[in-house]
Each structure stands twice: as structure tokens, then as C-alpha cells.
Amino acid sequence: MPSDPVCPGPSRGSDGERGSVLMLMPALILVVLILGAIAIDSSRVLTRRIELTDLAASAADDAATAGLDVDHFRATGEYVIDPDRAALVVRTSLAASGVLDDLARPPVVTIVDPTTVSVELTESVEHLFTPDIGRGGATVVTAAATATAIQR
41 MPSDPVCPGP
51 SRGSDGERGS
61 VLMLMPALIL
71 VVLILGAIAI
81 DSSRVLTRRI
91 ELTDLAASAA
101 DDAATAGLDV
111 DHFRATGEYV
121 IDPDRAALVV
131 RTSLAASGVL
141 DDLARPPVVT
151 IVDPTTVSVE
161 LTESVEHLFT
171 PDIGRGGATV
181 VTAAATATAI
191 QR
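Heads up, our numbering is the position in the sequence shown plus 40, with the first residue counted as 1.
Treat the hints as calculated values from the structure; they're not laboratory data. Cβ atoms here follow ideal geometry from the backbone N, Cα and C, with glycine treated the same way. Incorrect hints may appear among the rest.
If you anchor each label on the Cβ, the simulated ranges turn out as follows [claimed, not checked]:
| no. | residue 1 | residue 2 | range |
| --- | --- | --- | --- |
| 1 | 144 | 114 | 37 to 43 Å |
| 2 | 119 | 184 | 21 to 27 Å |
| 3 | 191 | 75 | 51 to 57 Å |
Can you make the complete structure from the sequences, with help from the hints?
Okay, here's the thing in C-alpha cells:
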């Protein structure tokens with residue numbers, strides 16, 4: 041009986057054995073699931089890094105404006121950031137955002153010069169899927185921002 045050209049029968053190799061892709065499907069599905077898990081966890085880390093950068097920028101802006109040393113300003117007319125007041129403003133800003141308790145360590149507030157403040161935030165982002173496949177349980181994310189007050 042001649043073979044049908046539209047629907048040919050199973051192909052055979054030169055030695056007469058038949059091959060099957062069906063045996064490779066479980067491995068392929070496992071690889072796709074692992075890559076998907078890595079992609080989801082990586083996107084969570086990147087998203088949190090962006091969010092922390094925005095929070096650090098906001099806190100630095102608040103510290104640069106509300107961290108004014110009022111006594112020094114009244115005495116000299118010069119705008120100078122008070123380090124203690126700036127640190128308090130940063131903590132208050134982060135507490136209002138609801139992230140102060142999520143940080144891996146307290147925010148680092150640095151007075152770069154009399155009118156510039158820098159804020160650094162560090163948080164540990166837990167992985168959803170990849171701890172089960174050996175990548176570890178969390179990634180430490182650090183974000184920093186600097187703000188300068190301009191007196192006009």
C-alpha cells in the first residue's frame with residue numbers, strides 16, 4: 041500500500057528506529073518553569089530597587105527642605121541643613137510611606153555639604169520561587185539619592 045503524501049506515517053531513521061519528542065517534554069516544561077521563576081523573582085528585585093530609589097529621592101528632598109537649621113538661618117540668613125533634623129525628617133517621611141519597618145537597616149543620612157543631603161536605603165527582598173531551586177532566599181537591594189536645597 042503506497043504511503044499518503046498528505047499524512048505520512050511515522051518517520052524512521054536509517055537504522056529503522058523511531059524517535060519521539062514526547063520524552064523531552066517533561067524536561068522542557070521544567071526548564072520553562074525554572075526560567076519563569078527566575079524572571080519573576082528578578083523582576084520583583086528590580087521593581088523594589090526602583091521603588092526604593094523613589095523613596096530615597098523623596099526622603100532626601102524632604103530632608104533638604106525641612107531639615108533647615110532655623111536658628112542658624114535666623115542668625116546669619118544662610119541656609120544650612122541640620123543633620124539631626126534631617127535624619128528625623130527622613131525617618132518621618134519613610135514611616136509615612138510605610139517602609140521604615142521593612143528596611144534591613146536604618147536609613148543612612150549624610151550631609152554632603154551645608155545644603156546637600158544624601159539618603160541611602162537598604163532592604164532585603166525575599167524571593168518567591170527561586171529559593172526552592174538554589175538561588176538563595178533573598179537579595180539585598182540598596183538605593184541612594186541626593187538632594188540639594190537652593191536658596192532663592
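Against the structure, the hints come out as follows:
In this structure the hint that residue 144 and residue 114 lie 37 to 43 Å apart at CB holds, the actual value being about 39 Å. Judged by the Cβ atoms, the range 21 to 27 Å given for residue 119 and residue 184 holds: they are separated by roughly 23 Å. Between residue 191 and residue 75, the C-beta spacing of about 53 Å keeps the proposed range 51 to 57 Å intact.
In this structure, none of the earlier numbered hints is contradicted; all agree with it.
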